Amino acid sequence: MAMSGFLYNSWYVAAWDHEIVTGQLLSRKILGQNICFYRSEEGKVVALEDRCCHRWAPLSLGRQEGNAIRCMYHGLKFDPQGACIEIPGQAQIPDKARVRSYPVVQSKRWVWIWMGDADKADPTLIPDTFSLESPEWRMKPGYMHYQANYLYIIDNLLDFSHLTFVHPDTLGGTEALAGQRPAIRRMERGVNVERWVLDDQPAPFHKKVGQFPGDVDRWYIYDFWVPGVLLMDSGVQAARTGAREGKRHDALEFRSCQALTPETETTTHYFWAVPHNFALDDASVTDSIYQSVVTAFEEDRRMIEAQQRIVDTAPEGDMVAIVADAALMQFRSILQRMMHDERTKGGMHDMAT
Amino acid sequence: MAMSGFLYNSWYVAAWDHEIVTGQLLSRKILGQNICFYRSEEGKVVALEDRCCHRWAPLSLGRQEGNAIRCMYHGLKFDPQGACIEIPGQAQIPDKARVRSYPVVQSKRWVWIWMGDADKADPTLIPDTFSLESPEWRMKPGYMHYQANYLYIIDNLLDFSHLTFVHPDTLGGTEALAGQRPAIRRMERGVNVERWVLDDQPAPFHKKVGQFPGDVDRWYIYDFWVPGVLLMDSGVQAARTGAREGKRHDALEFRSCQALTPETETTTHYFWAVPHNFALDDASVTDSIYQSVVTAFEEDRRMIEAQQRIVDTAPEGDMVAIVADAALMQFRSILQRMMHDERTKGGMHDMAT
Amino acid sequence: MAMSGFLYNSWYVAAWDHEIVTGQLLSRKILGQNICFYRSEEGKVVALEDRCCHRWAPLSLGRQEGNAIRCMYHGLKFDPQGACIEIPGQAQIPDKARVRSYPVVQSKRWVWIWMGDADKADPTLIPDTFSLESPEWRMKPGYMHYQANYLYIIDNLLDFSHLTFVHPDTLGGTEALAGQRPAIRRMERGVNVERWVLDDQPAPFHKKVGQFPGDVDRWYIYDFWVPGVLLMDSGVQAARTGAREGKRHDALEFRSCQALTPETETTTHYFWAVPHNFALDDASVTDSIYQSVVTAFEEDRRMIEAQQRIVDTAPEGDMVAIVADAALMQFRSILQRMMHDERTKGGMHDMAT
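Protein chains in written order, with my numbering: chain A, 1 to 353; chain B, 1 to 353; chain C, 1 to 353.
Calculated from the structure, these hints are not laboratory results. Every value quoted in this text rests on a predicted model; they were computed, and no experiment measured them. Careful: at least some of the hints might be erroneous.
Repeated chains share a single entry, so a pair holds when one copy, or any two copies, can fit it.
[Claimed, not checked] With a straight-line Cα cutoff of 35 Å, these simulated DSBU-like cross-link-like pairs (lysine-lysine) come out: (1) Lys77 x Lys208; (2) Lys207 x Lys77; (3) Lys345 x Lys207; (4) Lys96 x Lys247; (5) Lys247 x Lys29; (6) Lys207 x Lys44; (7) Lys96 x Lys208.
In isolation and in its complexed conformation, chain A is listed as follows (with noise of 0.2 Å):
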């Protein structure tokens, strides 16, 4: 049921910029691989296998000795494109004697590495977060770590009629919301998922942060970029008083940003951050969202995990698909054939783990 393998020719949010602190070392595995991430004195980002190339001791139980890396296991040192710069007791040092560094990019408070063809790696891929760091918009940054393929995590942002039965508590939705059917416009690389529900209530988290004498009109509105970014511009306002028609006055407005960055087939990095345009200078109603997305998502999580362990131990059967699916089966569909080109065109076979 899940597709197997990876897209490799893409970039994948590795980490929040505040994760990698110079003169510490991260390790973190991405698409089955281990890297170990630090950054450089001027405080460029580095990437390197997390794997020295001699006895394969990991880099990241070495040490950083100004922009070099140090494995601590026999003492050899790393440059940060990867080449071996010393051998203790050793003058001459073999070509071969070099771990893999992979393209990185911080942008607007993501990491973002490229797992495929370095000479492909285009910077001008990458999706434009910019309420992580707008000063127009406040969140507190997120992340969750999942036993689940990253798939299954994608599958449930592209319909969120589930926010009616996970999340009566947290995200909230009538039936109404679950009956409603959103437009969806395939994309290059993507889809743009849009959905209304006029004239309802307004969910938990909102009535936390907001106040509503009455009815509402909801709206999601997104970019899902293929493998596994969502930009979602979303937000409630006062029934009839023309947020479809584009009059937005006194609406509270949410600009999310949420990647999925495969660890391995059946776990996954999920970083998320939920801003808001509204109250910048109450940090408690920064800490509200925060807590009522962190609720939220864990709700996903538990259908999610037990998802995967269904499809783990009985891999036997069709999914039966239904209407609401018809976003999930576009993305999947783009995905498919991204990885198809790849695999035939793009020369990526050494890239399969």
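Fit chains B and C to the given chain A structure using the hints.
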């Protein structure tokens, strides 16, 4: 060494009746299949595949609505026969939107499930566990989870010579008991075993609930039905007072019911009780018997789980048969024949997990 | 990367002598085989396959009776040669009712087991661990369990350049030590390594047990016997006082004995001690040395278990050899030859697990 696979066209004990309560969902794995149990408003037990046909979320994380059950991921609703009767936001329900439903019968405190072809489910095949609910007997319900294939537990119960070695301080046995040869009678779907130990000591657990001025006669007479139900008449009475000739007076009698239900190939549900027909109004006697058996069964489990671990790690060589294996050999040969018939004649291929 | 399989026709350390006490049964897995050890009434160590031939219950859950052992599942009794000598309730004992018995020799504090053809077990091949029991040496027995293949630990011990990087605060080493090239001499069944570091600093653990007004000479001279026994002469003495020319006076000397015994392909028993010949009556010195070594070995373990985890999850690519690998290369080539000979000439096929 373990026979692999299972007999499907058969009743298995799935639960004690009190485990399934209206409004609550019980998830239990049986023969490797995740099953969701619930009780209808009329009190009838329903057993559905614990996997929504849509995205394979577990129904047991859902909600009972009347006699139906709703998946709380995207809201699909199923009736007790497993047919999907509602998909939010979708008028048409595809025919294949259904989950498997299993025949279930509640009989004398136990809930029985039929794991094979539904049209072969014959309730008259269910063993009679009268002693679990008769007013002439008292018992406390027992359950134990085993990290071992169910057949190793059945082997244990088919050769009581182990009482002498595994249970010296509980169910107890002398060398005389271990040396006894039981009478074994082969039946169509099981074996009958009869073991008498005359003029010997009572067991430690007997002494806790009865007075024995001298030696005793002890007996164990049981049917063991394929694939895993033991119904036993056992007891103890002053020696040379005619117990073996059928003259029971002042005997302590037990009518044990024990059921082994495979959870997986290497784990087992063990449902059991040891009803007694004396001191019916003294709950401390019922408790004492229950506690003695719990302690004894933990002695068994320690040995049998160790045996399973050895089988797991060293699958080489043959087990050497001894005379005391006669009953377990017969039992396994009957089971083997029934499994063979099922696979070749019964069209059970599709049941294999 | 790991050489798979084991050398069977060889002595392995199975236990410290004090671990095996008359009347107690010790279960230990060696080369993937579960073995039950006990001590006869005359003090001789017995090693039997830890699996009753009847239903594969572990003998180690049994009971020593005189010099025999009884399985406490159904009561079969075995003599020290592994022959079944009693089956309750059965006069005739089948010939094949026996368990494997292993040659065992207790020698100078260690219990050695021969894992191959019993008739090839030659006690003269057992290395001489005199320092473990000589009155001229003192030591505290050490044991460590490793989640790594034994060869990775041997690699570590065959290249002391790692002292500089892994053990700066314990066994210690300067850059000079890491840069040193040891003399390596190939033997019939192992390698001899000799490393001198002249006019350098003492190690942190030296300073805890000795006074050093100035620089010192340090030496490490050891035989490493296939498949895994290291016997070392090491020490420290004031620099330029002739240690290398054989003039030892006021030296702190050690005669370390270390044995790596595979438990499985990925776990290892590590028996070790570091006897010293000074301050023989000061137990705090023995303790200090023991504690320093425990701390240092935990530093090794952290690195080597991490190395094993990388090998486990990413079995691709080659390790890049460096000059410092000379001893481990020789050792592995000798072991490889002996394993090859054993498989092709020695008829060891049936030993493979």
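Hint check:
1. Lys77 x Lys208: between (53 Å within a copy, 31 Å between copies)
2. Lys207 x Lys77: Between copies, since 30 Å is at most 35 Å while 56 Å is not.
3. Lys345 x Lys207: For Lys345 and Lys207, neither the intra-copy (51 Å) nor the inter-copy (63 Å) Cα distance is at most 35 Å.
4. Lys96 x Lys247: For Lys96 and Lys247, the Cα distance exceeds 35 Å both inside one copy (62 Å) and across copies (45 Å).
5. Lys247 x Lys29: Cα proximity of Lys247 and Lys29: none, with 45 Å in one copy and 54 Å across.
6. Lys207 x Lys44: neither (42 Å within a copy, 42 Å between copies)
7. Lys96 x Lys208: Intra 59 Å, inter 42 Å, cutoff 35 Å: neither.
The earlier numbered hints that this structure contradicts are 3, 4, 5, 6 and 7.
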